[in-house]
Amino acid sequence: MSLVDLMSMAKPNLESRDKILAKLKGIELVNCYQCMKCTSGCTALKLLELKPNEIMKLVNLGFVDELPSSDIIWTCVTCLKCVQRCPQKASPYHVIMALRNLAVEKEAKVPEGFLKAVSQILETGLAEPPQKIVTRKMETVDRECLKLPKIKFPKESFQAAFMKAMEEK
Amino acid sequence: MKVAVFWGCCIQANQYAYEMSLRETLPKFDIELVDLRETFCCGDPVKSMNEFAASFLAARILALANLTGLDNLLVPCNRCHFTISEAQDTIKRSLKTAKKIFDLLKEEGLEYNPNIKIWHTIDFLHDFVGLEKVKKAVKRPLKGLKIASHVGCQIIRYSDLGRVDDAENPRKFDELIAALGAESVDYAEKLDCCGAALNRSHPDSALSLAGSKLKAVQGLNVGGMAVSCPDCQLMFDARQKDAGTTVGAKLNVPVVYYAQLLGLALGIDEKKLGLHLNQSPAEELVAKISG
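So the protein lines, in turn, are chains A and B.
Everything in the first sequence is counted per the working numbering, starting at 1442 for the first residue and increasing by one.
Everything in the second sequence is counted per the working numbering, starting at 63 for the first residue and increasing by one.
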């Protein structure tokens, strides 16, 4: 379903819009005047039909509630061209990140890759475990045989602090 | 001179060649790298789920750098560098968030230091070490080698955060390549994204972004591609075959880290630079160096 279909049945919710504005801490979403510089340069447009200007308009009008459960907010590649080029400093990238955070708060569907990364960080501190890799000549190597220093995993106090940080909204 | 270094996950978990080549090349410029007390995630994958937690992780890096007593921190990964820059900016802009972060750090006995200057490989070599010094150190110029440079997205955008180079026309990376005696060619797809950030949600689309760029580079008749980010290297080098499948092309493009090129020009042994770890045909690039 496209974003427009969702919108035709929805009612604006200004409270949800305020939630996004609060998360943006000074990024001027309301200044967007739909020049579409963001969408014309968007890396994810060709590939996954992300139209940042539509997201900006929907949020500005208060049609926020459908977006966190839409897959469209997970198509951004964070190339940051929209932030760079926005003449109004309205920054679609930041709005999309705020929507992703809202999706987590609302317990909407979050791509597994992100959940995995967070649980991996809780477990080891790193987002991915150190791997053995295979060279072009098919030899298997790891840090030790490459004479790289041992990884210094974080102390136990790290887990507690990170868990607390994840509870903040 | 001593400089603190934060490697991040990707480099320390599988992109060993980047770490090896930096550890080999920087001492030739009298730089001694000092590792932080711990390695952990910079916060990048966390940002999509909880921006506060991401800022906390990034601020924690600067708090650990503070323990070294050094003023300069090298962050060789584009994403880590961006996430730390973003956190620095958030702390400056929001007193409330800053206080929450500082309180959490205090629980571990850590203190945030706003005065630590962070560097990426590109501006570290270009501005801190100095382009002239890099030029002078070259023992084996990379004559005859044409390179397509890929500087990456997050290290040049967005300018308000203070990035290492101009957002629309970055030149430093090309100047660094030229300093080694190689030629950096301009091409239309130069600023296109590698797609790595889509790996967690749309892996096929991520590969097709990498594939289209590699296909363009293959048509340039260059010796290879140089990158300065572990995520970009992962997409263009380790996943090159799969990327080719998504765009219907048989790809055979040597992709190397700039630090590896630098090492070759300084006359360092290929194995010490981890050139055998690249999955793309790095030996074909080396063979194109004449003289």
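Don't read these hints as lab results, they were simulated from the structure.
The beta-carbon is built from N, C-alpha and C at its ideal position, and this holds for glycine as well.
Errors might be hidden in some of the hints.
[What the hints assert, rightly or not] Below are the PhoX-like pairs computed for lysine-lysine, each with C-alpha atoms no more than 25 Å apart in a straight line:
#, chain 1, residue 1, chain 2, residue 2
1, A, LYS1588, B, LYS334
2, A, LYS1593, A, LYS1578
3, B, LYS334, A, LYS1605
4, A, LYS1530, A, LYS1487
5, B, LYS168, A, LYS1578
[Said to hold, decoys possible] If you want the ones that stay clear, here's a sample from chain B, every Cβ over 12 Å from chain A, calculated:
#, residue
6, LYS64
7, ASN128
8, LEU172
9, ASN177
10, SER221
11, GLY243
12, ARG262
13, SER342
Mind listing which of the numbered hints don't hold for this structure, in increasing order? Of the numbered hints, 2, 3, 5, 8, 10, 12, 13 do not hold.
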